[in-house]
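A.B. asks: Just so we're aligned: 153 in our numbering is position 153 of the sequence shown, and the numbers increase by one with no gaps anywhere.
Hints were generated in silico from the structure; no laboratory data involved. Everything numeric in this text was worked out from a predicted model, so none of it was measured. Treat the hints loosely; a few may be bogus.
Stated by the list, open to error - The following label-pair restraints were derived from C-beta to C-beta distances:
id, residue 1, residue 2, range
1, 245, 199, 12 to 20 Å
2, 67, 25, 46 to 54 Å
3, 128, 72, 32 to 40 Å
4, 42, 138, 20 to 28 Å
5, 242, 72, 19 to 27 Å
6, 187, 233, 52 to 60 Å
7, 238, 57, 35 to 43 Å
8, 238, 59, 38 to 46 Å
All C-beta atoms, glycine included, are put in the ideal place defined by N, C-alpha and C.
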Amino acid sequence: MTRTLFETPSAYRPSDAEMAAPVPPVRAVLFDFSNTLFQMIDLETWLRRVGSATGRLARLDEPGAVAGISEQLRAAFRLPSVVSLQEGRDLSSAQHRRAMWGWWEQVDFLRGAEEAAYRELTAPDAWVPYLDTELVLRALHQHGLRVGIVSDFAWDLRTHLAHHGLDALVDTCVISYEQGREKPDPQLFLKACADLGADPRATLMVGDNPVRDGGAAACGVRTYILPAEHRTGERGLMDVQRLVI
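Using the sequences provided together with the hints, build the complete structure.
C.D. replies: Given below as structure tokens:
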């Protein structure tokens with residue numbers, strides 16, 4: 001096997017013949033879920049759902065209420081005790097719940113309403129696809145490309161796919177809480193490729209986090225990173241379609 005002075009750490013070892021041959025065309029595409037294919041409903045909508053479920057809705061109509069809660073949420077998320085809870089939170093549902101409880105109990109509006117808040121966080125319609133998500137997934141499906149999701153998520157995101165009628169366009173979901181691993185662990189990407197029957201070198205990973213999603217490159221998976229923007233229109237997924245079709 002050919003060696004180089006500056007070797008890149010990787011979880012795969014292509015042969016010399018593979019390294020000399022043309023890069024194989026993409027036959028499968030993996031996507032991150034949150035902020036790549038789907039995003040959570042906006043903060044005020046979520047707060048109003050929590051308020052309605054707990055009899056606190058009137059508080060949100062007070063001047064500056066939503067902005068004040070938003071600021072409290074941001075400040076609380078920086079507290080050392082809250083920060084420590086976030087580490088590994090997507091490894092299990094129990095860890096994620098502890099992380100959210102520890103955060104929300106620091107916020108006046110959410111204190112005592114944590115159960116309702118979590119229920120509204122995980123509701124099937126609490127996560128919505130971007131405007132270009134279905135268009136791109138359908139185009140990939142129609143052109144015979146296999147599609148998977150690799151996501152750090154603490155509950156079954158398939159409920160959100162099904163709610164929006166997109167589950168038939170995704171061939172596999174590899175989710176951190178089911179695997180006990182978080183990205184950039186290469187085993188998550190390799191499992192998705194195996195599920196799809198896809199050669200990692202003929203696979204593209206699409207996400208918004210260069211560290212977590214970019215970890216796919218260590219498996220030989222080409223990686224496309226979207227800007228980490230809070231998009232209200234199309235996500236920019238049409239570029240992915242142009243890359244592989």
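A.B. asks: Of all the hints numbered above, which does this structure not satisfy? Sort the numbers upward.
C.D. replies: 3, 5 and 6
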